[in-house]
Amino acid sequence: MRKKIKDWILFLSLGCFALGILIAFQFKGQEKQGFPLAAYRSIDLIQMLQNSQKQNITLETQISKLRTHLAEYEISRTQKGNLTHELGKELERARMEAGMIAVKGPGIEVVLNDSIQKPKPGEGDYFYLVHDVDLTELTNELWAAGAEAISINNERIIADSPIRCVGPTILVNTFHVSPPYIVKAIGDPDTLDTALKMQGGFLDAMQISTAHGVTIKISRKKRLIIPAFGGTLTFHYALPAFNSKRVRSSLRGG
Amino acid sequence: MLYLLTSFALGIVAGFFLPFSIPITLGKYLSVAVLAALDSILGGGKAVFRKRFNISLFVSGFVSNTFLAFLLTYIGDRLGVELYLAAIITFGVRIFQNLSILRVYFFQRFSTDHQQGFSKPPLE
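Protein sequences, first through last, are from chains A and B. Sequential numbering from 1 applies to the first sequence in the working numbering. Sequential numbering from 1 applies to the second sequence in the working numbering.
Bear in mind the hints are in silico, worked out from the structure with no lab data behind them. These figures come from a predicted structure and were not determined experimentally. Ideal placement from N, C-alpha and C gives every residue a C-beta, glycine not left out. Hints are supplied without guarantee of correctness; some may be wrong.
Said to hold, decoys possible - Computed from the model, here is a short list of chain B residues facing chain A with C-beta under 7 Å:
1) 8
2) 14
3) 34
4) 44
Generate the whole structure from the sequences, applying the supplied hints.
Right under this line is the structure:
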């Protein structure tokens, strides 16, 4: 009898020991793996997003500070001679074309917002929301109508700006913007305004969405300010190809 | 009982201090193994209370359960079907059943007579 009790204690203890080791391994494995993003609660994710956005903003102020420093250096240099003065002017122009300088002038402001209506049962929410394609279509139309500078929620649109759906938000440059989307465009207010209202134009294309409660408000403005592009442009692959014979012939051939 | 808890704690400590760890890709196998071990221990405990504890049965059950669970997981991985869920569900159900039976024995033992302990044949 006594021996039997000892036996079960021994073997169950061994089993418990094995169980302990296994559980410890499991914990270690999980720790190493780190928790996947999907395991976080949305509140934590929002916190993380806000933190990184704050970081973005501080970095952007840093960029603009450095840019003003650079501009100061250039001014002090251009004052030294006429030739450099010309170069400075050219540089300024190039900057403006690239969207690196904040600009002001007359234009229009378009405010787009998602519908407040709820989709009916069995109906998708597609026509109740403002989509990335709507914004690309809008900016496209504005460029075509002679807009000289465009921003979406104060994010300057430049030559290589992406406008793309990322989850519930839209990615503009490196920023996630959410509704209401305020699109500002500098240009001739009348032309821009009528371009959007053209038959078969942007407003017509959005008719189904507006019928479902998406709001689009267009207002002409005498004075708009559009901020400079906040990020940096980097070229990893593209190199300047100068206007040599080879380039010209290859373009003609292609 | 004390022995079991101590060895469990020792196992956890040993597991944490052992220099190697199991890769993440085998995590599924590990979780199945954890459940198999827990099931065997509770089953063993039940057998002890029923005075039917048998070392060879206990050990073979431990090994074969774990082996079958591993096999199911492996085949499931190969087939792209989550077969290891079958093992998890079986073990889970059994764990809860065994736990409730153990609980019944515990209360019987401690509430009616303290002196007799194991010598009193349990119900069922």
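- prompt: Once the shortest beta carbon distance from residue 8/B to chain A is found, is it less than 7 Å?
  reply: Residue 8/B check passes; min Cβ-Cβ to chain A is 4 Å, inside 7 Å.
message: Take the shortest C-beta to C-beta distance between residue 34/B and chain A; is it under 7 Å?
response: Holds, because the Cβ-Cβ distance from residue 34/B to chain A comes to roughly 5 Å (cut-off 7 Å).
- prompt: Are residue 44/B and chain A close enough, Cβ to Cβ, to be under 7 Å, as the hint says?
  reply: holds, 5 Å
query: At a threshold of 7 Å, is the proposed contact between residue 14/B and chain A supported by beta-carbon distances?
result: With Cβ-Cβ at 6 Å, under 7 Å, it holds.
The structure is consistent with each of the numbered hints, conforming to all of them.
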